[in-house]
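J.: So the chains spell out like this:
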Amino acid sequence: MSALTRASPFGMNREMMKRNYYLCAGLALTGVLAAVTLVGFFWTPYDSAAMSADKFLPPCAAHIFGTDNFGRDIFSRVMEGAGTSFMIALSTIVIGASGGIVLGAVTGYFGGLADEILIRVGDALTAFPSILLALVVISLLGPGKPVNLVISLGLVFIPGFARVTRAAYAEAREINYVKSVRLMGASHARIMLVHILPNTAPVLLSALTIGFNNAVLAEASMSYLGIGVTPPDASLGYMLSEAQSVFGRAPWYALSTGGVMILFLFGVGLIGEGLRVREGEIL
Amino acid sequence: MKYAFRRLSALLLTMLIVSLCTFAAFSGISGSAAEARLGTQATPERVAALREELGLNRPFAVRYAEWLSGFATGNLGDSLTYRQNVGELLRDKVLVSLLLSGMSFALIVLCSIPLSLLVVRWAGTSLDVAHTLWNQFCMSVPPFFTGLLLSWVFGVALHWFTPGAFPGLSRTGEALHFLLFPAVAIAIPRIAMTVRMLRGTLLRELNRDYVRTAISRGSDRNSVLRRHVLKNALTPAVAFLAQMMAEIVAGVIVVEQVFGIPGLGRMLVVSISNRDYPVVQAIVVILAFWVVASNTAADLINVRIDPRLALRDE
Amino acid sequence: MKRTLLALFLGAALFCGLLTGCGSGGNPSAPNEQEAASPALADELYVGIAQDLDSLDPHKMVAAGTKEIMFNVFEGLVKPAPSGDLLPALAENWTISEDRLAYTFHLRPGVKFHNGAIVTAPDVVYSLERVSGASGAADIVAVDALSNIAAMETPDEMTVILRLAEPSNEFLSYLTAAVIPADYDEQDIAPVGTGPFRFVSRTAQESVVLERFDDYWGGAAALKTVTCRVIENADSIMMSLQSGAVDLFAHLTITQAQQLTGDFAIEQGAMNLVQALYLNNAVEPFNDVRVRQALCYAVDKESIIDLAFDGFGFPIGSSMYPAFTKYFDNELTDYYPHDTSKAKELLAAAGYPDGFSMTITVPSNYQPHLDTAQVLVEQLKEIGVRAEILPVEWETWLNETYIGRNFESTVIGVDASTMTARALLERFTSTAGNNFINYNNEAYDNLFKQAQSCTNDDEQTEVYRAMERNLTENAANVYIQDMADLLAVRHGLTGVRFYPIYVLDLYGIHWES
Numbered sequence: 640m641s642a643l644t645r646a647s648p649f650g651m652n653r654e655m656m657k658r659n660y661y662l663c664a665g666l667a668l669t670g671v672l673a674a675v676t677l678v679g680f681f682w683t684p685y686d687s688a689a690m691s692a693d694k695f696l697p698p699c700a701a702h703i704f705g706t707d708n709f710g711r712d713i714f715s716r717v718m719e720g721a722g723t724s725f726m727i728a729l730s731t732i733v734i735g736a737s738g739g740i741v742l743g744a745v746t747g748y749f750g751g752l753a754d755e756i757l758i759r760v761g762d763a764l765t766a767f768p769s770i771l772l773a774l775v776v777i778s779l780l781g782p783g784k785p786v787n788l789v790i791s792l793g794l795v796f797i798p799g800f801a802r803v804t805r806a807a808y809a810e811a812r813e814i815n816y817v818k819s820v821r822l823m824g825a826s827h828a829r830i831m832l833v834h835i836l837p838n839t840a841p842v843l844l845s846a847l848t849i850g851f852n853n854a855v856l857a858e859a860s861m862s863y864l865g866i867g868v869t870p871p872d873a874s875l876g877y878m879l880s881e882a883q884s885v886f887g888r889a890p891w892y893a894l895s896t897g898g899v900m901i902l903f904l905f906g907v908g909l910i911g912e913g914l915r916v917r918e919g920e921i922l
Numbered sequence: 271m272k273y274a275f276r277r278l279s280a281l282l283l284t285m286l287i288v289s290l291c292t293f294a295a296f297s298g299i300s301g302s303a304a305e306a307r308l309g310t311q312a313t314p315e316r317v318a319a320l321r322e323e324l325g326l327n328r329p330f331a332v333r334y335a336e337w338l339s340g341f342a343t344g345n346l347g348d349s350l351t352y353r354q355n356v357g358e359l360l361r362d363k364v365l366v367s368l369l370l371s372g373m374s375f376a377l378i379v380l381c382s383i384p385l386s387l388l389v390v391r392w393a394g395t396s397l398d399v400a401h402t403l404w405n406q407f408c409m410s411v412p413p414f415f416t417g418l419l420l421s422w423v424f425g426v427a428l429h430w431f432t433p434g435a436f437p438g439l440s441r442t443g444e445a446l447h448f449l450l451f452p453a454v455a456i457a458i459p460r461i462a463m464t465v466r467m468l469r470g471t472l473l474r475e476l477n478r479d480y481v482r483t484a485i486s487r488g489s490d491r492n493s494v495l496r497r498h499v500l501k502n503a504l505t506p507a508v509a510f511l512a513q514m515m516a517e518i519v520a521g522v523i524v525v526e527q528v529f530g531i532p533g534l535g536r537m538l539v540v541s542i543s544n545r546d547y548p549v550v551q552a553i554v555v556i557l558a559f560w561v562v563a564s565n566t567a568a569d570l571i572n573v574r575i576d577p578r579l580a581l582r583d584e
Numbered sequence: 019m020k021r022t023l024l025a026l027f028l029g030a031a032l033f034c035g036l037l038t039g040c041g042s043g044g045n046p047s048a049p050n051e052q053e054a055a056s057p058a059l060a061d062e063l064y065v066g067i068a069q070d071l072d073s074l075d076p077h078k079m080v081a082a083g084t085k086e087i088m089f090n091v092f093e094g095l096v097k098p099a100p101s102g103d104l105l106p107a108l109a110e111n112w113t114i115s116e117d118r119l120a121y122t123f124h125l126r127p128g129v130k131f132h133n134g135a136i137v138t139a140p141d142v143v144y145s146l147e148r149v150s151g152a153s154g155a156a157d158i159v160a161v162d163a164l165s166n167i168a169a170m171e172t173p174d175e176m177t178v179i180l181r182l183a184e185p186s187n188e189f190l191s192y193l194t195a196a197v198i199p200a201d202y203d204e205q206d207i208a209p210v211g212t213g214p215f216r217f218v219s220r221t222a223q224e225s226v227v228l229e230r231f232d233d234y235w236g237g238a239a240a241l242k243t244v245t246c247r248v249i250e251n252a253d254s255i256m257m258s259l260q261s262g263a264v265d266l267f268a269h270l271t272i273t274q275a276q277q278l279t280g281d282f283a284i285e286q287g288a289m290n291l292v293q294a295l296y297l298n299n300a301v302e303p304f305n306d307v308r309v310r311q312a313l314c315y316a317v318d319k320e321s322i323i324d325l326a327f328d329g330f331g332f333p334i335g336s337s338m339y340p341a342f343t344k345y346f347d348n349e350l351t352d353y354y355p356h357d358t359s360k361a362k363e364l365l366a367a368a369g370y371p372d373g374f375s376m377t378i379t380v381p382s383n384y385q386p387h388l389d390t391a392q393v394l395v396e397q398l399k400e401i402g403v404r405a406e407i408l409p410v411e412w413e414t415w416l417n418e419t420y421i422g423r424n425f426e427s428t429v430i431g432v433d434a435s436t437m438t439a440r441a442l443l444e445r446f447t448s449t450a451g452n453n454f455i456n457y458n459n460e461a462y463d464n465l466f467k468q469a470q471s472c473t474n475d476d477e478q479t480e481v482y483r484a485m486e487r488n489l490t491e492n493a494a495n496v497y498i499q500d501m502a503d504l505l506a507v508r509h510g511l512t513g514v515r516f517y518p519i520y521v522l523d524l525y526g527i528h529w530e531s
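Protein chains in written order, with this note's numbering: chain A, 640 to 922; chain B, 271 to 584; chain C, 19 to 531.
For the record, the hints were derived by calculation from the structure and aren't laboratory data.
Mixed in with the good hints, there may be bad ones.
Stated by the list, open to error - Quick look at which bits of chain A chain B covers, simulated, 3 or more residues with Cβ under 8 Å:
1. 686-695
2. 905-914
What the hints assert, rightly or not - On the chain A side, residues computed to face chain B include the following (Cβ under 10 Å):
3. Gly-761
4. Ala-763
5. Ile-777
6. Ser-880
What the hints assert, rightly or not - Simulated restraints, written as ranges between beta carbons of each label pair:
7. Ala-331(B) with Asn-456(C): 53 to 59 Å
8. Ala-331(B) with Thr-221(C): 32 to 38 Å
9. Val-741(A) with Ala-331(B): 32 to 38 Å
10. Glu-477(C) with Asn-327(B): 54 to 60 Å
11. Ala-342(B) with Val-741(A): 39 to 45 Å
12. Val-741(A) with Lys-272(B): 36 to 42 Å
13. Asp-398(B) with Ala-701(A): 40 to 46 Å
14. Asp-686(A) with Ala-331(B): 55 to 61 Å
From the three backbone atoms N, C-alpha and C, an ideal C-beta is built for every residue, glycine too.
With the hints as constraints, model all of the structure from the sequences given.
T.: The structure is reproduced here in structure tokens:
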């Protein structure tokens with residue numbers, strides 16, 4: 640753990656950015672993709688659901704990713720599909736991270752029996768393949784609804800975040816600085832929120848990037864299995880499963896959809912890499 | 271020995287908890303699912319008869335104990351959809367899925383150790399950046415996408431194997447040949463992860479004083495690397511690899527669909543949709559056991575490598 | 019450094035060696051292309067089927083896809099021919115009495131069940147009793163029309179006399195019902211019939227294996243073993259065909275068929291299904307006839323067929339498909355021309371000026387229905403109806419939608435289990451057990467009763483046509499089309515015959531030498 644200075648959680652100054660190529664490249668790549676995705680919420684080159692007689696057009700000037708089996712513009716669909724995947728991953732992370740951080744902070748800070756139980760349960764849960772756990776939850780909730788997908792994935796991500804946060808808080812609890820703040824009369828809540836949380840930010844940010852990528856992958860896998868997003872909504876995972884059935888005729892469908900997904904994950908992965916470099920981890 | 275005993279009893283305890291949770295979660299709804307099956311013909315009498323037939327009127331503890339002993343005797347109840355014994359239904363599928371996950375695991379171990387020894391030499395050079403980028407890229411490729419490409423290129427275009435026509439375990443050679451392709455699809459991102467992890471561990475180890483001393487004393491860098499560094503990096507690596515088993519199993523569930531492999535993945539997805547809970551809970555417990563067992567095995571191996579570990583969580 | 023590199027190369031080489039060598043005896047230069055492209059043995063066939071069998075017992079099957087395959091395992095007293103006629107099967111011949119109330123069947127001598135037993139009159143009586151729902155387990159799918167049998171007599175081992183309660187013009191076509199050995203109670207797991215193929219094994223979600231029955235009364239089939247591979251994941255169908263995992267696959271979409279160049283011949287027939295957006299007439303808002311009519315006006319069948327089926331398909335307007343030339347009324351096809359303003363008016367009149375939300379349940383293993391649903395969603399959007407597709411697994415669809423009737427609307431194809439108009443139309447009478455759309459129309463029920471009492475075939479045909487018109491006028495469902503049936507057949511395989519009902523006859527199929 641770095642020294643407990645009150646650094647801004649995003650405290651990367653210009654100097655650092657300049658030298659941290661991974662972070663820069665990751666932010667740039669993710670930024671461009673996120674911008675295109677954001678635009679996709681309001682505007683797409685074509686109506687992503689509009690069908691036309693121009694089926695299976697290979698990529699060309701009018702349709703840069705070509706068209707699919709209904710003559711829909713794949714680029715427009717990818718923009719929208721990426722939006723769906725992005726939103727689902729984001730909601731998943733919001734649920735998983737907020738649940739996990741609260742749980743981890745409280746148990747890590749106070750310790751005791753609850754902490755002990757959490758460690759055991761967490762260990763058991765992280766032994767489960769994430770998809771298996773999500774499938775179990777979704778089978779209890781009932782498949783076929785996006786809300787249930789988000790809930791099940793969100794729940795699955797809680798233990799991972801709780802684990803990371805707990806470790807950071809348990810460590811911070813023992814540091815003199817925190818002890819002295821406590822002696823000065825700061826409340827527990829204030830210590831946890833103001834004094835410890837900013838210092839766990841680097842660890843958490845890195846966990847967030849990994850979690851985000853896992854959420855995107857999990858959503859894609861579930862949709863690919865047919866238990867996630869359902870048409871006419873499209874997510875990248877669902878589109879990939881559609882693309883597989885026409886791969887022989889229109890390989891560009893699978894390649895462009897898969898390519899966008901890979902770039903997305905690649906960009907976020909680079910940010911994570913950059914954060915770890917900044918943390919001074921040996922790479 | 272004492273440590274092994276402790277680890278094994280912990281394994282049993284974990285599995286008891288996992289199976290209890292699974293059984294409790296599903297037993298509540300499997301009754302209603304069975305009733306839903308009666309559909310329009312559901313009358314109170316028929317529902318009562320069905321509950322009796324499925325044995326749902328007996329105490330929870332009795333049903334749980336009976337189900338649990340089923341893992342030993344093979345009698346796990348009947349599938350609601352297939353009206354066939356769950357054990358019989360799953361036997362071959364379990365072997366296929368476990369074999370696939372085992373092969374993926376072997377590939378990861380075989381590829382990542384030499385690769386990480388290679389890349390550790392690149393630290394600080396321009397190759398290092400290229401490697402990091404490539405590594406990140408490999409981690410970003412979803413296994414089912416790789417699987418899709420592999421099956422079209424090697425299956426449909428080159429005819430090296432026949433996707434969708436799994437030869438069955440009785441033809442072992444062909445089955446292994448077939449499973450190699452999905453195993454590669456599952457392994458690629460995990461190899462990248464393992465290489466990154468090993469590289470970090472090796473570098474940290476190389477920066478330690480004893481290594482510096484040894485090298486400054488004139489020992490050959492390579493032999494230090496192989497004799498001491500690798501050995502010390504081994505225990506975290508084994509633990510890391512064991513933890514990876516959970517993710518491998520997740521990959522297996524999805525990738526089986528791409529290649530049309532008749533394993534537990536397809537069965538699990540279909541059973542969830544059909545609310546065939548006897549099958550779902552059996553599959554969940556089997557896969558969980560596989561993951562927990564490999565973690566335990568890793569711990570036991572680690573204690574052989576470094577006996578001090580046995581004392582750590584006394 | 020060198021050593022590590024060496025280790026790496028060795029590792030890589032080993033890896034590549036594994037990729038290429040394993041199956042072909044360590045000889046990577048001889049790819050087993052030949053093996054993949056044509057079957058190892060000329061009397062083996064791999065058929066892809068889009069869903070697992072729902073039951074092995076011929077009297078308990080619900081799914082058309084199950085009957086389609088098990089058609090090769092079971093036979094009745096008579097069996098359908100590709101022409102639509104009924105051919106003698108287990109009955110060698112029969113006579114019908116003057117008053118049309120007594121049918122005397124003379125069984126074909128020496129016909130064997132797959133277990134070696136000879137088919138005798140008591141087996142026939144047992145089977146007909148069982149399938150009529152008069153006896154046996156509760157999950158028998160009873161053929162109501164057989165309850166018309168008042169008495170069965172067996173004057174000798176090889177003769178069966180069926181006495182009817184009232185005359186019927188269609189009675190014979192129901193005798194395609196499978197004849198099974200009397201008092202054999204393992205049909206659920208080891209079915210026994212008399213067909214040209216016998217059941218060998220079944221692995222859930224994997225395959226069903228059939229084998230030639232050498233003692234088949236009509237002479238042994240050409241193929242020795244037929245393995246039906248279950249490919250419920252629609253995405254892998256193309257891969258399975260192109261990789262050589264299956265040689266034959268029925269009910270492909272046009273998109274799929276067009277990808278299959280080179281190795282396959284595409285044979286085209288009609289599916290003989292009534293594909294429609296089936297509406298649950300008992301739930302809001304579909305209990306209002308104006309809403310149903312609005313949907314009919316909103317949907318453009320031609321454009322569905324063009325967009326999702328490349329123009330292959332036969333538009334229909336009621337629960338009857340063109341292959342039934344006698345009953346099919348083409349005037350009904352355009353009863354509701356595509357007219358969105360009319361549709362909006364009707365919706366407004368029904369109290370939904372701004373449209374409403376609805377779900378369309380679709381079995382996800384049927385790509386054509388999913389594709390249709392996607393076009394439907396777009397078309398309904400134009401009149402303000404927000405439809406959402408709910409894809410479900412086939413078994414779930416059967417239990418929840420079809421049997422449980424727990425749905426708003428669904429896209430599905432309904433087939434005729436026997437070659438009669440009754441098989442398609444009886445289901446919409448208010449008391450029918452398989453009236454999954456809860457259609458409830460008194461006039462319709464009365465017409466059906468009238469049809470059953472007709473003594474004259476022409477008269478009966480007219481009544482059946484009136485029933486079709488009733489369904490159209492009341493917009494019972496949004497009728498779409500009888501889909502084109504595209505069948506991919508690997509080159510070298512011949513003898514595929516199309517039937518007016520949903521079956522895949524394996525008997526005549528063989529590899530050309």
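J.: Taking 32 to 38 Å as the stated bounds, is the beta-carbon spacing between Val-741(A) and Ala-331(B) within them?
T.: The hint (32 to 38 Å, Cβ to Cβ) holds, given that Val-741(A) and Ala-331(B) are roughly 35 Å apart.
J.: Under the criterion of a CB-CB separation shorter than 10 Å, is Ile-777(A) in contact with chain B as hinted?
T.: 7 Å, holds
J.: With 10 Å as the cut and Cβ atoms as the points, is Ser-880(A) at the interface with chain B?
T.: 9 Å, holds
J.: Can you tell me whether the CB distance of Val-741(A) to Lys-272(B) sits inside 36 to 42 Å?
T.: Holds, since Val-741(A) and Lys-272(B) (Cβ atoms, about 39 Å apart) stay within the stated range.
J.: Go ahead and decide if the range 39 to 45 Å is satisfied by the Cβ distance of Ala-342(B) to Val-741(A).
T.: Taking Cβ atoms as reference, Ala-342(B) and Val-741(A) lie about 41 Å apart, which means the hint holds.
J.: Could one say that the CB atoms of Asp-686(A) and Ala-331(B) fall in the range 55 to 61 Å?
T.: At 58 Å between Cβs, range holds.
J.: Closer than 8 Å Cβ to Cβ for three or more residues is the test here. Does the stretch 905-914 of chain A pass it with chain B?
T.: holds (count 4)
J.: Using a Cβ cutoff of 8 Å, are there at least 3 residues of the stretch 686-695 of chain A near chain B, or does the coverage claim fail?
T.: violated (count 0)
J.: Is 32 to 38 Å respected by the C-beta to C-beta distance linking Ala-331(B) and Thr-221(C)?
T.: Roughly 35 Å apart at Cβ, these two residues keep to the hinted range, so it holds.
J.: That 54 to 60 Å hint for Glu-477(C) and Asn-327(B) (C-beta), does it hold up?
T.: This hint holds: roughly 56 Å between Cβ atoms.
J.: Restraint: Ala-763(A) near chain B, CB-CB cut 10 Å. Satisfied or not?
T.: Interface hint status for Ala-763(A): holds (6 Å vs cutoff 10 Å).
J.: Quick check: does the Cβ-Cβ distance between Ala-331(B) and Asn-456(C) fall within 53 to 59 Å?
T.: 43 Å, violated
Hint compliance for this structure: hints 1, 3 and 7 are broken, all remaining hints hold.
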